[in-house]
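Between the sequences and the hints, there should be enough to build the whole structure, so can you do that?
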Amino acid sequence: MQSIDNKFTKSLFVFHAACSPCNNCDIEILDCIAPKYDIERLGMQLVGSPRHADVLLVTGAVNKKVVHRIKMIYEQTAKPCVVVAVGSCACSEIIFRESYNTCGPLDKIIPVDIYIPGCPPRPEAIIAGLAKYIKSRKNAG
Amino acid sequence: MTDKNKNFIPIGPYHPLQEEPEYFRLHVEGEIVKSVDIELGYIHRGTEKISENKHFDQGVFLVERICGICSTSHPLAFVNAVENLARIEIPDRAKLIRCVVGEMERIHSHLLWLGLAGHFIGYNTVWMWSWKYREYILEVFEKVTGNRQHYAMMKIGGVRRDIANDDIPWIETNIDEIEKGLELFLKAITEDPVIHARTKGVGVLTKEDIKDYCAVGPVARASGIDMDVRKDTPYAAYGMVDWKVCTCDSGDIYGKAVVRILELFESLKIIRQCLGHMRNTGGPLDVNVKEIPEGEGIGRHEAPRGECFHYVRSDKTNRPVRHKIRAPSFVNVATNQKAVVGSHISDALLVLAAVDPCYCCTERVIVVNKKGKLMKGPDLIKLSQEKTDRIRKKGL
Chain A
1 MQSIDNKFTK SLFVFHAACS PCNNCDIEIL DCIAPKYDIE RLGMQLVGSP RHADVLLVTG
61 AVNKKVVHRI KMIYEQTAKP CVVVAVGSCA CSEIIFRESY NTCGPLDKII PVDIYIPGCP
121 PRPEAIIAGL AKYIKSRKNA G
Chain B
142 MTDKNKNFIP IGPYHPLQEE PEYFRLHVEG EIVKSVDIEL GYIHRGTEKI SENKHFDQGV
202 FLVERICGIC STSHPLAFVN AVENLARIEI PDRAKLIRCV VGEMERIHSH LLWLGLAGHF
262 IGYNTVWMWS WKYREYILEV FEKVTGNRQH YAMMKIGGVR RDIANDDIPW IETNIDEIEK
322 GLELFLKAIT EDPVIHARTK GVGVLTKEDI KDYCAVGPVA RASGIDMDVR KDTPYAAYGM
382 VDWKVCTCDS GDIYGKAVVR ILELFESLKI IRQCLGHMRN TGGPLDVNVK EIPEGEGIGR
442 HEAPRGECFH YVRSDKTNRP VRHKIRAPSF VNVATNQKAV VGSHISDALL VLAAVDPCYC
502 CTERVIVVNK KGKLMKGPDL IKLSQEKTDR IRKKGL
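Residue numbers (the numbering used here), protein chains in the order written: chain A, 1 to 141; chain B, 142 to 537.
Any given hint could be a false lead.
[Claimed, not checked] Beta-carbon label-pair distances, calculated as ranges:
#1 E180(B) / A140(A): 40 to 48 Å
#2 G424(B) / K138(A): 53 to 61 Å
#3 D383(B) / S11(A): 50 to 58 Å
#4 A131(A) / R454(B): 47 to 55 Å
#5 L524(B) / K64(A): 16 to 24 Å
[To be verified] Here are the simulated DSSO-like cross-link-like pairs (lysine-lysine), alpha carbons at most 30 Å apart as the crow flies:
#6 K528(B) / K372(B)
#7 K65(A) / K372(B)
#8 K65(A) / K296(B)
#9 K284(B) / K296(B)
[What the hints assert, rightly or not] Which stretches of chain A does chain B cover? Using the computed rule of at least three CB atoms under 8 Å from a CB of chain B, they are:
#10 10 to 20
#11 102 to 110
#12 125 to 134
Hints listed in this document are in silico derivations from the structure and should not be mistaken for laboratory results. A quick note: this is a predicted structure, and the numbers were derived from the prediction, not measured. We treat Cβ as the ideally placed atom computed from N, Cα and C, and that holds for glycine.
Here is the structure:
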């Protein structure tokens with residue numbers, strides 16, 4: 001297990017799954033790969049399929065139509081896979097907690113490793129969240 | 142599936158090219174798209190229903206979270222609706238600040254679209270450059286409102302924060318930087334032969350199509366319909382400044398891109414004039430709103446994607462009895478059914494993205510009338526009562 005954990009300290013392949021978000025966290029994630037923040041210089045890259053992903057970035061308050069799809073996406077990823085709840089909606093659902101159509105925060109649906117709160121979290125916060133995770137893995141390994 | 146007519150290509154719901162989950166089914170014959178089915182509902186969060194349990198000030202917070210890209214359009218339309226209902230007149234400085242924030246949002250949204258459109262046709266350079274210039278406007282947002290997105294500037298009866306007069310020169314320098322970038326983009330789009338080849342004559346919508354589908358915003362203006370809420374029924378400070386509505390007659394993707402870029406120059410013009418007026422306009426930022434009377438109000442705002450419409454009915458309590466939202470993408474997305482037909486599969490995604498769809502704005506409850514009979518509340522009650530009768534007769 002130690003050796004697998006060490007792999008997560010190098011370049012991470014990231015899949016971005018939007019589960020009923022308001023788009024804000026999503027554009028901040030795209031901002032991360034735009035010139036100002038550019039996470040590709042840190043070895044992270046957005047990939048097109050969950051099967052290639054080490055990290056699953058999930059945004060939004062999961063609704064009833066999406067809930068089994070996010071479970072499927074999680075099942076398709078190669079394990080171990082780091083699940084990151086980006087934004088307050090994924091962490092705690094904020095104002096949409098009272099909605100008839102949402103299914104509880106993300107950690108009730110799939111196991112979550114990192115929470116990045118904020119509405120929306122700044123790109124710096126997203127990068128800092130992943131950096132903290134990498135650091136903790138290094139210390140653990 | 143052996144029938145040639147029944148071949149289809151699914152796009153989504155989780156597709157690498159889409160930011161949001163939505164599902165398209167392209168029915169194809171060879172490489173030509175014959176029709177498209179659009180399936181939504183992946184982002185429906187029941188905003189209208191939550192709004193009925195929130196008082197009017199909380200409602201502004203809620204409608205801001207309908208959509209992150211139009212996160213001033215919905216609050217602005219909502220406060221317009223409540224002010225229309227309560228007959229509130231807001232101070233001049235608040236009007237100017239609303240205008241500045243609304244137009245800055247248009248700049249950030251159009252640059253975002255331009256970048257994504259560039260990405261779709263394989264011009265990642267356009268994507269990177271336009272998102273680079275978008276950062277200038279986000280810096281202004283951060284300084285003025287405290288957040289890069291979700292600005293929380295609107296409030297019933299005025300605005301929450303002031304734009305300090307000392308900050309105005311700095312904002313103007315950032316806007317000058319953006320203008321340099323825009324001139325670059327306008328030149329790139331009007332002179333690049335590859336962009337012409339990919340966008341001219343693709344996804345054409347005629348004036349009649351626009352009228353049939355009631356399309357709004359840049360989609361309508363790109364087909365030569367001179368329609369803009371800011372001009373037709375001026376609100377906030379749009380009546381106090383000088384600007385013009387940009388239109389284009391071609392109706393294709395090229396026209397939509399050109400209309401959006403020309404609109405950005407007009408937005409910069411509006412912001413500059415508003416900032417100029419603000420230097421000489423002091424006074425309060427809001428009026429004291431004591432209670433919302435009984436009645437109904439309508440608020441409209443020309444969002445980056447078109448007319449955003451909010452309807453609010455109040456029964457003299459502090460919460461709306463009914464809050465209806467109609468976002469511009471609701472009508473614009475439907476035009477895809479016309480625009481995408483006859484195009485190649487390789488153009489389809491660009492055509493679908495050309496209306497600048499925003500699905501999280503759009504997703505309200507829609508009644509799908511498949512069997513030719515619309516089920517309303519009383520019909521459902523009748524059905525339910527009939528079922529009870531049947532069970533009684535069976536003696537269960």
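Each hint tested on the structure:
no. : hint                          : result
1   : E180(B) / A140(A): 40 to 48 Å : 43 Å, holds
2   : G424(B) / K138(A): 53 to 61 Å : 57 Å, holds
3   : D383(B) / S11(A): 50 to 58 Å  : 53 Å, holds
4   : A131(A) / R454(B): 47 to 55 Å : 49 Å, holds
5   : L524(B) / K64(A): 16 to 24 Å  : 23 Å, holds
6   : K528(B) / K372(B)             : 54 Å, violated
7   : K65(A) / K372(B)              : 40 Å, violated
8   : K65(A) / K296(B)              : 33 Å, violated
9   : K284(B) / K296(B)             : 19 Å, holds
10  : 10 to 20                      : holds (count 4)
11  : 102 to 110                    : violated (count 1)
12  : 125 to 134                    : violated (count 0)
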